[in-house]
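These protein sequence lines map, in sequence, to chains Y and C.
Positions 1 to 358 (the numbering used here) are the ones given, in order, by the first sequence.
Positions 359 to 674 (the numbering used here) are the ones given, in order, by the second sequence.
For the record, the hints were derived by calculation from the structure and aren't laboratory data.
Just so it is clear, CB atoms sit at the ideal spot from N, CA and C, and this is done for glycine as well.
Any given hint could turn out to be false.
Said to hold, decoys possible - If you want the ones that stay clear, here's a sample from chain Y, every Cβ over 12 Å from chain C, calculated:
(1) E71
(2) I93
(3) R119
(4) F125
(5) N130
(6) E144
(7) E147
(8) R149
(9) M191
(10) A197
(11) D213
(12) L223
(13) R274
(14) L282
(15) S283
Unchecked claim - Simulated restraints on C-beta separations:
(16) V489/C with M113/Y: 28 to 36 Å
(17) D28/Y with I493/C: 36 to 44 Å
(18) S47/Y with V516/C: 20 to 28 Å
(19) V135/Y with V489/C: 43 to 51 Å
(20) E163/Y with V401/C: 40 to 48 Å
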Amino acid sequence: MTTPDGVASAAALAVRDRRRWPLPKLADPTAPLLVVEDLAVRFRIPSGTVKAVDGVSFRMDDGEALGIVGESGCGKTTTALSLVHLLPANGTIKSGRVALFGIDLVPKTEQQMARYRWREISLVFQGAMNALNPVRRIRDLIAEPIEVRLGQSQDAARQRAGELLELVGIPAQRGTAYPHELSGGMRQRAMIAIALACDPAIVIGDEPTTALDVMVQAQILQLLERLRRDLGLSLILITHDLSVIAETCDRVMVMYAGRVAEEGPVRRVFMAPRHPYTQKLLSAFPNIRADRRTLEVIPGMPPDLRTPPPGCRFAPRCPAALPVCVEIAPSEVRFADGVRVACHLYPASDVAPVEPQP
Amino acid sequence: MTAPAVPADGGPGAVARPAGRKPSVLRQVLARPDGMAGFVILVVFTVLALVPTLLVGPLQTAVTATGPRLAPPSIGYPLGTDELGRSILNLTVHATRVSMVIGFLATIVTVLIGAVLGIMSGFVGGRFDAVTMRIADFFLVIPTFVLAIILTAIIRDVVGTGSTEILGIRLSLITIVIVIGITSWSSTARIIRSQTLSLKERAFVDRARVIGAGGGHIMRRHVLPNVTNLIVANAVLVFAGAILTETTLAFVGLGDPFQPSWGQILDAARQVGAPSLGAWWYFVPAGVCIVLVVFAFTLLGNALDAVLNPKLQARR
Chain Y
1 MTTPDGVASA AALAVRDRRR WPLPKLADPT APLLVVEDLA VRFRIPSGTV KAVDGVSFRM
61 DDGEALGIVG ESGCGKTTTA LSLVHLLPAN GTIKSGRVAL FGIDLVPKTE QQMARYRWRE
121 ISLVFQGAMN ALNPVRRIRD LIAEPIEVRL GQSQDAARQR AGELLELVGI PAQRGTAYPH
181 ELSGGMRQRA MIAIALACDP AIVIGDEPTT ALDVMVQAQI LQLLERLRRD LGLSLILITH
241 DLSVIAETCD RVMVMYAGRV AEEGPVRRVF MAPRHPYTQK LLSAFPNIRA DRRTLEVIPG
301 MPPDLRTPPP GCRFAPRCPA ALPVCVEIAP SEVRFADGVR VACHLYPASD VAPVEPQP
Chain C
359 MTAPAVPADG GPGAVARPAG RKPSVLRQVL ARPDGMAGFV ILVVFTVLAL VPTLLVGPLQ
419 TAVTATGPRL APPSIGYPLG TDELGRSILN LTVHATRVSM VIGFLATIVT VLIGAVLGIM
479 SGFVGGRFDA VTMRIADFFL VIPTFVLAII LTAIIRDVVG TGSTEILGIR LSLITIVIVI
539 GITSWSSTAR IIRSQTLSLK ERAFVDRARV IGAGGGHIMR RHVLPNVTNL IVANAVLVFA
599 GAILTETTLA FVGLGDPFQP SWGQILDAAR QVGAPSLGAW WYFVPAGVCI VLVVFAFTLL
659 GNALDAVLNP KLQARR
């Protein structure tokens with residue numbers, strides 16, 4: 001573990017170190033960290049089948065932070081949870097590939113997944129109070145995955161739990177406290193410590209700062225940022241809050257109705273959004289530098305995902321919709337600056353070299 | 359009982375405590391008058407049960423009895439004597455041990471069966487839950503006492519009534535403990551199960567599962583600590599019930615004639631016809647003891663419930 005005030009090169013070092021840690025047996029050391037291809041998730045409900053996620057692809061490299069944004073019900077959380085097979089009982093991965101270190105996780109059985117869950121990909125849940133057992137000391141809650149997953153003794157696990165608490169900025173002595181004795185921010189820190197317990201390669205934060213006040217939010221984001229730098233972690237951050245993504249992430253993936261609308265480096269996407277949905281989403285968010293103005297709203301509602309529109313799913317609400325939009329679903333177009341967009345406004349032929357999908 | 363000996367915590371004074379930790383449950387219970395009263399009564403009876411010989415001499419038998427027969431209270435015999443000339447004080451104090459030991463063991467058996475089956479059936483659910491709860495229902499609807507009498511007779515038939523001892527406790531007493539355990543676990547199991555059902559849906563159980571914890575681990579480490587307060591509060595009430603059941607069984611002649619219990623004394627008094635002879639000293643002390651102990655447990659149980667149950671706390 002590097003020192004908390006590591007120099008700039010520490011980040012690169014930590015990322016490289018991460019690869020030397022024991023990888024799963026089947027891992028290909030040269031493969032990218034995570035490649036998701038054409039992921040499709042279905043939910044069976046009494047009134048039909050919901051196509052919650054439909055053909056989502058993305059790629060993450062070591063030490064990268066990916067933000068996923070979109071309206072409620074656009075498939076952000078479903079995408080993230082399906083990576084580690086934590087979908088509700090009525091949800092199934094219909095097709096696609098989730099390759100972690102080159103190992104496809106989709107066909108893994110529940111038992112095989114246990115090896116990857118928490119040790120390679122862990123989660124920080126929203127609402128720390130509910131996810132912490134009220135009658136157990138936080139030290140023991142942090143030690144739990146170390147005991148259960150890594151099979152260490154209780155003493156060793158407690159020792160490590162103390163280190164993890166220090167790492168997330170809680171004095172180790174406070175480990176004997178019960179969850180109700182901690183503040184909201186400290187509870188969220190404890191949740192992060194639990195997620196880090198088994199040295200995962202990827203941490204998924206499902207709205208980790210929702211329900212915290214702004215000051216505490218900033219602290220938690222700083223903490224995540226520091227951990228990423230020091231431990232060489234990769235982050236997947238799911239949030240409604242565009243400012244959180246702007247602050248912490250390298251890349252952003254904008255989802256709409258179970259599909260990727262636009263994905264690319266945060267700066268490019270936020271400064272020059274190409275997809276009309278991204279444009280609308282950004283103008284619906286208050287800007288501290290802009291004049292006081294009425295925030296825009298996107299008229300209409302997201303489509304019913306039991307029977308999604310045949311063409312572009314945003315077409316019914318899109319101000320720039322063309323006739324072709326309602327008929328044919330746009331394919332993804334990759335720009336030279338690393339942004340990919342699924343929109344008919346950018347015909348594949350107009351854009352210079354289209355790189356093949358990773 | 360006058361003012362409680364322990365300073366009342368939980369008021370403004372508690373703020374000064376580090377990390378705002380609440381005073382321990384025992385302190386909170388003792389700070390309440392009912393908790394304190396119950397506690398003191400039980401301490402007195404525990405002392406009686408632990409060192410009866412020290413207080414009233416060795417247990418008198420028909421052979422060692424010295425007093426007059428069925429004599430009213432006097433200086434030498436503060437609570438009078440029975441039909442064999444034994445001191446009632448001596449008998450009643452010695453009986454405390456048997457009653458308390460049976461109550462204690464029966465409570466352990468009951469709570470153990472009830473908690474294990476309750477947690478498992480709530481957590482595992484499905485067919486296991488259905489079968490366990492139907493069995494529990496069976497024990498709930500059959501009149502406990504009738505069932506206990508029948509069971510005692512059957513078990514005694516099977517294991518015999520000899521003077522074999524297990525851990526220094528005679529077999530006939532063990533029989534009674536088992537009978538009480540079998541007949542009273544179901545309500546405990548039902549209470550624990552209902553709590554487990556609601557705990558099972560909490561996010562921290564999901565989190566533990568995601569981490570990879572198995573069912574046994576979650577039940578032991580997550581569900582059990584959350585139902586401990588229920589188990590404790592329930593155990594106190596089970597204790598009172600167990601003493602009553604033992605008394606009743608002994609009263610109908612299913613006790614152990616060689617080891618006096620309060621029920622045994624009441625039975626002996628009835629056989630001699632003490633009530634019609636006006637020999638009130640024969641049965642009143644044992645009766646008062648039973649009432650006091652059961653009362654003390656009820657007080658303690660109420661106090662525990664008030665301290666441990668957050669809903670009641672808010673109402674106070």
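Evaluation of the provided hints:
no.: 1; hint: E71; in the structure: holds (24 Å)
no.: 2; hint: I93; in the structure: holds (17 Å)
no.: 3; hint: R119; in the structure: violated (9 Å)
no.: 4; hint: F125; in the structure: violated (6 Å)
no.: 5; hint: N130; in the structure: violated (4 Å)
no.: 6; hint: E144; in the structure: violated (6 Å)
no.: 7; hint: E147; in the structure: violated (9 Å)
no.: 8; hint: R149; in the structure: violated (5 Å)
no.: 9; hint: M191; in the structure: violated (9 Å)
no.: 10; hint: A197; in the structure: violated (8 Å)
no.: 11; hint: D213; in the structure: holds (20 Å)
no.: 12; hint: L223; in the structure: holds (20 Å)
no.: 13; hint: R274; in the structure: holds (37 Å)
no.: 14; hint: L282; in the structure: holds (33 Å)
no.: 15; hint: S283; in the structure: holds (35 Å)
no.: 16; hint: V489/C with M113/Y: 28 to 36 Å; in the structure: holds (31 Å)
no.: 17; hint: D28/Y with I493/C: 36 to 44 Å; in the structure: violated (55 Å)
no.: 18; hint: S47/Y with V516/C: 20 to 28 Å; in the structure: violated (59 Å)
no.: 19; hint: V135/Y with V489/C: 43 to 51 Å; in the structure: violated (29 Å)
no.: 20; hint: E163/Y with V401/C: 40 to 48 Å; in the structure: holds (45 Å)
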